Amino acid sequence: MTGVGLTATMVQGMPAFGRQITVEEALTPVDVQLKKKMADIALNAARSKGASYADVRIGRYLNQVVSTRETRVDNISNAESYGLGVRVIANGSWGFAATNNMDNDSIAKAAEIAVAIAKGNAKLLTEKVQLAPQKGFGEVSWKTPIEINALEVPIPEKVAMLLEVNKEAMKAGAKFVNSNLFMINEQKYFASTDGSYIDQDIHRIWPNFTVTKVDSAGGKFETRNALSAPMGMGFEYLRPKDEEKIKGGPVTMYKKRYDILEDVKEAVAHVEEKLKAKPIAPGKYDLVLDPSHLFLTIHESVGHPTELDRVLGYEANYAGTSFLTLDKWESKKFNFGSKQVNIIADKTQPGSLGAVGYDDEGVKCGKWDIIKDGILVNYQTIRDQAHILGLKESQGCCYADSWDSIQFQRMPNVSLAPSKEALSAADMVKNVEKGIYMFGRNSYSIDQQRYNFQFSAQLAYEIKEGKIVGMFKDAAYQANTQEFWNSCVKCCGQDDFRLGGTFSDGKGQPGQASAVSHGSATTRFNGVNVINTGRRIG
Amino acid sequence: MPILTKEEAKALLTKVLSYSKADECEVNINGSDGGNIRYARNSVNTSGAISTTSLVVSSSFGKKSGVATINEYDDASLEKVVRRSEELAKLAPENPEYMPFLPQQEYGPESPTFSPVTAKVGPKERADAVAQSLQVSKDAKLNAAGFLENSMGYSAMMNSKGLFAYNTSTDLAFNITMRTSDGKGSGYATRGYTDFSKLNAGKDTAVAAKKAVASVTAKAIEPGKYTVILEPTAVAVMLENIFFDMDARQADEGRSFMSKPGGKTRLGEQLVDPRVNIMSDPWNKELPGATWSGDGRAQQKVNWIEKGVVKNLYTSRYWAAKTNIKPIPFPGGLIMEGGTKTLEELIKGTEKGILVTRLWYIRTVDPQTLLLTGLTRDGTFYIENGEIKFPVKNFRFNESPVIMLNNLDEMGIPERTVSAESNANYLLPPLKIRDFTFTSLSDAV
Numbered sequence: 001m002t003g004v005g006l007t008a009t010m011v012q013g014m015p016a017f018g019r020q021i022t023v024e025e026a027l028t029p030v031d032v033q034l035k036k037k038m039a040d041i042a043l044n045a046a047r048s049k050g051a052s053y054a055d056v057r058i059g060r061y062l063n064q065v066v067s068t069r070e071t072r073v074d075n076i077s078n079a080e081s082y083g084l085g086v087r088v089i090a091n092g093s094w095g096f097a098a099t100n101n102m103d104n105d106s107i108a109k110a111a112e113i114a115v116a117i118a119k120g121n122a123k124l125l126t127e128k129v130q131l132a133p134q135k136g137f138g139e140v141s142w143k144t145p146i147e148i149n150a151l152e153v154p155i156p157e158k159v160a161m162l163l164e165v166n167k168e169a170m171k172a173g174a175k176f177v178n179s180n181l182f183m184i185n186e187q188k189y190f191a192s193t194d195g196s197y198i199d200q201d202i203h204r205i206w207p208n209f210t211v212t213k214v215d216s217a218g219g220k221f222e223t224r225n226a227l228s229a230p231m232g233m234g235f236e237y238l239r240p241k242d243e244e245k246i247k248g249g250p251v252t253m254y255k256k257r258y259d260i261l262e263d264v265k266e267a268v269a270h271v272e273e274k275l276k277a278k279p280i281a282p283g284k285y286d287l288v289l290d291p292s293h294l295f296l297t298i299h300e301s302v303g304h305p306t307e308l309d310r311v312l313g314y315e316a317n318y319a320g321t322s323f324l325t326l327d328k329w330e331s332k333k334f335n336f337g338s339k340q341v342n343i344i345a346d347k348t349q350p351g352s353l354g355a356v357g358y359d360d361e362g363v364k365c366g367k368w369d370i371i372k373d374g375i376l377v378n379y380q381t382i383r384d385q386a387h388i389l390g391l392k393e394s395q396g397c398c399y400a401d402s403w404d405s406i407q408f409q410r411m412p413n414v415s416l417a418p419s420k421e422a423l424s425a426a427d428m429v430k431n432v433e434k435g436i437y438m439f440g441r442n443s444y445s446i447d448q449q450r451y452n453f454q455f456s457a458q459l460a461y462e463i464k465e466g467k468i469v470g471m472f473k474d475a476a477y478q479a480n481t482q483e484f485w486n487s488c489v490k491c492c493g494q495d496d497f498r499l500g501g502t503f504s505d506g507k508g509q510p511g512q513a514s515a516v517s518h519g520s521a522t523t524r525f526n527g528v529n530v531i532n533t534g535r536r537i538g
Numbered sequence: 001m002p003i004l005t006k007e008e009a010k011a012l013l014t015k016v017l018s019y020s021k022a023d024e025c026e027v028n029i030n031g032s033d034g035g036n037i038r039y040a041r042n043s044v045n046t047s048g049a050i051s052t053t054s055l056v057v058s059s060s061f062g063k064k065s066g067v068a069t070i071n072e073y074d075d076a077s078l079e080k081v082v083r084r085s086e087e088l089a090k091l092a093p094e095n096p097e098y099m100p101f102l103p104q105q106e107y108g109p110e111s112p113t114f115s116p117v118t119a120k121v122g123p124k125e126r127a128d129a130v131a132q133s134l135q136v137s138k139d140a141k142l143n144a145a146g147f148l149e150n151s152m153g154y155s156a157m158m159n160s161k162g163l164f165a166y167n168t169s170t171d172l173a174f175n176i177t178m179r180t181s182d183g184k185g186s187g188y189a190t191r192g193y194t195d196f197s198k199l200n201a202g203k204d205t206a207v208a209a210k211k212a213v214a215s216v217t218a219k220a221i222e223p224g225k226y227t228v229i230l231e232p233t234a235v236a237v238m239l240e241n242i243f244f245d246m247d248a249r250q251a252d253e254g255r256s257f258m259s260k261p262g263g264k265t266r267l268g269e270q271l272v273d274p275r276v277n278i279m280s281d282p283w284n285k286e287l288p289g290a291t292w293s294g295d296g297r298a299q300q301k302v303n304w305i306e307k308g309v310v311k312n313l314y315t316s317r318y319w320a321a322k323t324n325i326k327p328i329p330f331p332g333g334l335i336m337e338g339g340t341k342t343l344e345e346l347i348k349g350t351e352k353g354i355l356v357t358r359l360w361y362i363r364t365v366d367p368q369t370l371l372l373t374g375l376t377r378d379g380t381f382y383i384e385n386g387e388i389k390f391p392v393k394n395f396r397f398n399e400s401p402v403i404m405l406n407n408l409d410e411m412g413i414p415e416r417t418v419s420a421e422s423n424a425n426y427l428l429p430p431l432k433i434r435d436f437t438f439t440s441l442s443d444a445v
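Protein sequence lines correspond, in order, to chains U and H.
Residue 455 in the UniProt record's numbering sits at position 455 of the first sequence, and the numbers go up by one each step.
Residue 125 in the UniProt record's numbering sits at position 125 of the second sequence, and the numbers go up by one each step.
Honestly, the hints are just simulated from the structure, not real lab data.
Please note that a few of the clues may not be correct.
Stated by the list, open to error - Derived EDC-like pairs: lysine to aspartate or glutamate, alpha-carbon spacing no greater than 16 angstroms straight-line:
#	chain 1	residue 1	chain 2	residue 2
1	U	K123	H	D75
2	U	K175	H	E253
3	H	K64	U	D74
4	H	K161	H	E253
5	H	K63	U	D74
6	H	K260	U	D215
7	H	K80	U	E25
Claimed, not checked - Partial chain U-side listing against chain H, Cβ under 10 angstroms, derived:
#	residue
8	A79
9	I117
10	L125
11	T126
12	E127
13	Q130
14	L131
15	G219
16	K220
17	T321
18	Q509
Just so you know, these numbers come straight off a predicted model, no measurement behind them.
Don't be surprised by glycine CBs; every beta carbon is placed ideally from N, CA and C.
Next up, chain U with everything else stripped away, as it sits in the complex (with noise of 0.2 angstroms):
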């Protein structure tokens, strides 16, 4: 946006979401029977203007977010954004339109817009709309299973916690140190002419941090991360538990629970063996990946070509296509793994991103496989798209950012399954005779159908004759989807199995945002090929 310039809209201190409310208002929900009041008013509207069929969303969007930097607090942000969108589908096409003004005219006067551009886009159609069919559920509720809402606890116990975190990082020896707290809650509710009425408050949760240590003589600086994942939890997250933890390798990881301040404290020491490392040799490499890397290169090449509506082309001109076309699946046979690779799409995986318990398109969540046996079985897919496939029902993929995004198809958490065997993270390291071990999520591209791609990550651990013997730096992995997911040797058991995510995956245009979760355990994968990225500048 060229207009205004680019700092004009960012405002010092200000949001980029919604409007900033008091705690307490955030902890008022709007009442149940008002939400099926307005939503019956959007469908009786769309109904009557010719709508065959039509669903509303009403949704309240709760944001808060704490920022510090070493002494001070940078930001506290606590935002609401409410309103409401109708999705109509007559003459065959669909319409959109959405409004925030909830008095009952507004309501009935979105549905109506909706209707008319369904009328208006119809005339430029080329298929109309085949949606599969989808049984009403009548009232029902859903709840993000938390034990502690993040928005209850208060703002002052959140910047000590921050607080806390940037001075054990600076007692520590870091030279910088940033923290960051971002909590989600999702109060939605969704009616449809199917005769669903549905009311679901999610809730996520991600803590952060980035310490960084500076060589001034040498003109260096590094950085680490926070290894915690984004959750689909309440502040019960951010309370350790050891039985949460596990110890005995390079690096503490952590499972449903997560220690801020311990991981700070290993940060700093992990930043000043950054800063002294070796820089890496290019060439094969064996991998083993924890969890906390390898939850992107999930993401990355497995969760997004297997999206149907990229398969077909619908995000041709800004995500990509994929090269999991169609023929690929139909031929039952299509390796895209070793054996060992079992990728499983699951909605309702608890303390995940993206579980919810109905989709944005009133289809009740489940759990199938994508990739069985290191061949592609399934995709993702939504509604309008699942007739392609077959499928008598939706797969429940359906999600929108907002009340006034259009919901389309986006990625459940995707993950993959651990081994049957009770191997640990040592079992995958002992044999490797020239490896890395690579932790947290760094630098990460991929083309656009999905072939090709590089990762680096936050920790890479030089593997020698089964040992550790040190760090690298400038290692980053370049491979081609399928030859990497072939190369899959082995994989860490159940009790190593772990969830990352991300909290703001893009698709879409205009873009929108969702938030999804990729479980593994520690995998190796064999030979795969290591570019140094070291340069000079200057």
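With chain U fixed as given, assemble chain H onto it according to the hints.
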């Protein structure tokens, strides 16, 4: 709420400030009306109209400040938002980096950021433009996927020190991907304008169609170092990363590519080829920008890199005061001077090289050297003896834009272009670069 005129905005903001009981108060308001249409598989799939407005109040007591936002404009709501910002300020910890609000600034003449033609664009004009694009696709028997979005908007600010600023703007973005029906060829075009009448969706679609057809049967050639000609949209996604990291504080703190050994920065040093001149200018007719930034600072014409030497870094007001430098805000758009040759002439003068029409999925690999990775996309071609010989398979690259501008061979005529990564608009030339590093091949089309 409609787009407010300067007088209406002034009256509203004066009223908001009248409710303030804080030591200092600043109010920003902005609003926009716009719409979009998206198509794929040669058919429109979504379209919408978006109207948003937001009023932001910042109140301060000493070094404590609070911010509150609202989108309702009756008197009671306006007073409520002021009170809420004051309550938040009282609860906030002291900010040691707090800067008092600015008094009235000198903003220079109005910049041509607003086009009355664009302001009148509605669903019909958008649908007509898309119909032209779809016709080109139908005639060429290709698959079209595209997006058209336009908006008009205003922003204004006022504070208790007497500062007032106002601006209106219009924007348009159009991008189109054309693919052959066998999926073996793909082409792209992207445009950004202030004035909708400059858009020729049919012509841009034809450019994308030509690239799609020409890129079928791409040959694999070995990755390595090649002379490349980057079209302006490919230049944009590389060079904007230099700019995103030209913050003075990051440089002073030793954590950017602008930092040097010994705790110094590269300010005042020769960073790139002496033919490189990069500036920003709110009054540029092709790329007009607002004359003020969101905190009230004036936007000026700024030389960022002059004859290859780093001349200025942008910074917060706090850091500028602390380090005694000019408080230059982050600007609206980047301009790089170029040469006099067309893209075709650059190709003609190339013995061996690769024409890169688009780069995609750009990520920083190493912030210390600004090493970036990403891939070519939607049409990559081998050049020999001044002619395009054949399409080549896409490459992954690992290259720093700083190293790239040191390996500058030639520059073409600048044009307004859009970064497909950040959606920002720039005025940039096509560049011919030596030794651009491709590190692997991609099968993607």
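* **Proposed interface contact between U/K220 and chain H, which counts if any beta carbon pair is under 10 angstroms** => Interface hint status for U/K220: holds (6 angstroms vs cutoff 10 angstroms).
* Asked: Was the hint right that U/L125 lines chain H, CB cutoff 10 angstroms?
  -> Where the cut-off is 10 angstroms and the nearest Cβ of chain H is about 6 angstroms from U/L125, the hint holds.
* To do: Compare the distance between the alpha carbons of H/K161 and H/E253 with 16 angstroms, and conclude whether the hinted pair is satisfied.
  => Measuring from Cα to Cα gives roughly 32 angstroms; hence the hint is violated.
* **Proposed interface contact between U/T126 and chain H, which counts if any beta carbon pair is under 10 angstroms** => This hint holds: U/T126 lies near chain H, its Cβ roughly 4 angstroms from the closest one there, short of 10 angstroms.
* Taking 16 angstroms as the top limit, are the C-alpha atoms of U/K123 and H/D75 close enough? -> Between U/K123 and H/D75 the Cα gap is close to 45 angstroms, so the pair fails against 16 angstroms, i.e. violated.
* Asked: Is the hint on U/L131 kept, meaning its closest Cβ partner in chain H is under 10 angstroms away?
  -> Violated, about 14 angstroms.
* Hinted pair U/K175 and H/E253, Cα distance within 16 angstroms -> 9 angstroms, holds
* For the pair supplied as a hint, H/K260 and U/D215, is the alpha-carbon distance within the 16 angstroms limit? -> 10 angstroms, holds
* To do: Let me know if the C-beta of U/Q130 comes in closer than 10 angstroms to any C-beta of chain H, holds or violated.
  => U/Q130 check fails; min Cβ-Cβ to chain H is 14 angstroms, beyond 10 angstroms.
* Mind checking the CB of U/T321 against every CB in chain H and telling me if the closest is under 10 angstroms? => Holds. Min distance 7 angstroms.
* **Restraint status (C-alpha distance of H/K80 to U/E25 at most 16 angstroms)** => 13 angstroms, holds
* Taking 10 angstroms as the limit, does the beta-carbon of U/A79 come near enough to a beta-carbon in chain H? -> 7 angstroms, holds
Violated hints for the displayed structure, listed by number in ascending order: 1, 4, 13 and 14.
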